[in-house]
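J.: With chain A's structure known, arrange chain B on it following the hints.
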Amino acid sequence: MSYKIPMGPYHPALEEPYKLDLICEGETVQDAKLHIGFNFRGIEHLAETRNYIQVIALMERVCGICSNIHTLTLCTAMEGLTGVVAPPRAQYIRTIMAELERLHSHVLWAGIAAKLMGFKTMFMTCFELREKVMDVLQAISGNRVNYSMNRVGGVNRDIEDPASILKMVEALELEMARTVIPIFTTSRTATSRCAGIGVLTTEKALSCGVVGPVARASGLPQDLRKAAPYAAYAEMEFDVPVQPAGDVRARLLVRALEIMESCKILRQALAKLPPGELFAGDGKFDFTKLITTASTARVEAPRGEVMYSVSWKEGSRNPARVHVRTPTFAVMPAIRWMVIGARLADTPLIQASIDPCYSCTDR
Amino acid sequence: MTPTMTVITMTVIHGIPKKLGIAHSWVEEGGVHWLAPGSVTVRELATLMNDLHARFITITAYQLPADRGFRLEYHWDLDGQLLGFPYQFQEKNFDSIYDLCEAVDWIEREIHEGFGIDFLGREYEPLLLRQGDTPGVNLRDAVVAGSNAVAANQEKK
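Residue numbers (the numbering used here), protein chains in the order written: chain A, 1 to 363; chain B, 364 to 520.
Looking at chain A on its own, in the form it has when it is part of the complex (with noise of 0.2 Å):
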């Protein structure tokens, strides 16, 4: 006889709401049904009433973890709309935010699996870790969570000092290496929990249209910084990690590969920081002079594809649409086949491994 469990909106194992209903045989999920929108604030409709300085400030706070990545693609589009070009060291302190961004991304998914995993010792070395990238963050920008770095044609703040800078994210690719990638890529607690679950075929994976690191562990070698370079990434050097697997193991590697890639990115950047300004122009967007009324960006961030169709009526202060697709939105529908086949007792891991973001999905 099968029977319903439903997982949320507010359960333990859930660090935002969101609600899976699991159809279960035994202990064996069959199948499943995903219902989203706890979090939804009507950011988009809201941005249609805001100008294009507040319209920044707003969709910075659409996600708490990679509040840079929304405003970098926001500005990016907006930048397109005027044909203002961000200047070299711009580019490049955005390509050191994201790259930072990720980091800290990356290891605090880290300490959530391992939380997931039962193995708490491991939770508090990624989030002592974690604390260490939120303070070279603070120490760019001054904030913690809304960092305030980008606006239309460039950056708020310089980093003023890249060499102290180099020398903290070459302390933390240190610890990383020691601890985090070892143990888990190596320990059994690890592996045993990780390895043939929640498999997302990619075949699947395609079918689903997934992105990010869900997408590289399933065989998909996309990645937006290599496919179709922003900022300043067509002049960085570095590999994209792809696992076939396609289970939570893989998820697991390929973003702890992907720290490293992140170091090596970073370590490049700082090191060649060219000089110059930080933002083009008087640092205005004119809206008075656009030389087309709606673009679209996109941005690799910390878990997939970002894009933002920005459309400007000449002439008005606010934007007449602003939609955002966050990798969240097109990954989520995803947990429904990974679970499928799965025991009850690792949903928990499963749904968190594609390191959703539901205030991302709701907006």
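Rather than coming from a laboratory, the hints here were simulated on the basis of the structure. Misleading hints may appear alongside valid ones.
[Claimed, not checked] Here chain A is said to cover these stretches of chain B; the calculated rule only asks that three of the stretch's residues, wherever they fall, bring their Cβ under 8 Å from a Cβ of chain A: (1) 442-449; (2) 457-468.
[As the list claims (entries may be wrong)] Short, incomplete list of chain A residues facing chain B, as computed with Cβ under 7 Å: (3) Gly80; (4) Ala171; (5) Ser207; (6) Cys208; (7) Gly209; (8) Ala227; (9) Ala294; (10) Thr296; (11) Ala297; (12) Asn318; (13) Arg321; (14) Arg325; (15) Pro333.
No experiment lies behind these values; they were computed from the predicted model shown. Where a beta carbon is used, it is the ideal one built from N, C-alpha and C, also for glycine.
T.: Positioned in the frame of chain A, the structure of chain B alone reads:
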């Protein structure tokens, strides 16, 4: 992406209008390769995108001023190139491509809930957006006066 891959991808992209029987060519604007689909249905388009192994990204919905209806912009990614296909219509329904492309599920549901557009040929799960619990929560009252969804919203208020 290597320069060779870019050339191959661009060759494939330039072949799309011919495959769809469209005489005009792509227009690159605002970071997107745009192709006006003309009489090509969204289902024919989705079939071709599947054949080319393009990755579906999203649909951006616009409510147009006065009684001009809606515009849906379908986006696919082909090896890092962003493709856009705009469809404009006045009715409050449009063909679903859910049976051809399962990645479209949530965005069709979101547009149904936000703009009250019915995607034909599919069923809807319970609402994604909890606010209002009525299809059409994002519709601007002044723009679509007389719309059933708006009327329902106003009754609730």
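J.: A separate judgement is required for each hint: does it hold in the structure or not?
T.: Evaluated hints:
1. Three residues within the 8 Å Cβ limit are the bar, and the region 442-449 of chain B against chain A gives 5, so the coverage statement holds.
2. Judged by the Cβ-Cβ criterion of 8 Å, the region 457-468 of chain B is covered by chain A as claimed, because 4 of its residues qualify and three suffice.
3. Given the 7 Å rule on beta carbons, the hint for Gly80 of chain A holds: about 5 Å separates it from the nearest Cβ of chain B.
4. For Ala171 of chain A, the shortest C-beta to C-beta distance to chain B is roughly 34 Å, which exceeds 7 Å, and the interface hint is violated.
5. For Ser207 of chain A, the interface hint holds, the least distance from its beta-carbon to any beta-carbon of chain B being 5 Å, beneath 7 Å.
6. Evaluation of the Cys208 of chain A hint against chain B yields a held restraint, the C-beta minimum of about 5 Å falling below 7 Å.
7. Taking 7 Å as the C-beta cut-off, the interface hint given for Gly209 of chain A holds, the closest approach to chain B being about 3 Å.
8. The beta carbon of Ala227 of chain A is positioned within 7 Å of a beta carbon in chain B (closest approach about 3 Å), and the interface hint is therefore held.
9. Of the supplied interface hints, the one on Ala294 of chain A holds, with its beta-carbon coming within about 5 Å of a beta-carbon of chain B, less than 7 Å.
10. Interface restraint check: Thr296 of chain A against chain B, minimum CB-CB distance 5 Å, threshold 7 Å, status holds.
11. Using the Cβ-Cβ criterion of 7 Å, the hint placing Ala297 of chain A at the interface with chain B is satisfied: the shortest such distance is roughly 6 Å.
12. Evaluation of the Asn318 of chain A hint against chain B yields a violated restraint, the C-beta minimum of about 13 Å exceeding 7 Å.
13. Interface hint at Arg321 of chain A: satisfied, since its Cβ lies 6 Å from the closest Cβ of chain B, which is below the 7 Å cut-off.
14. A least Cβ separation of about 4 Å between Arg325 of chain A and chain B falls short of the 7 Å threshold, and the interface hint therefore holds.
15. The closest approach between the C-beta of Pro333 of chain A and any C-beta of chain B is roughly 6 Å, which is under the 7 Å cut-off, so the hint is satisfied.
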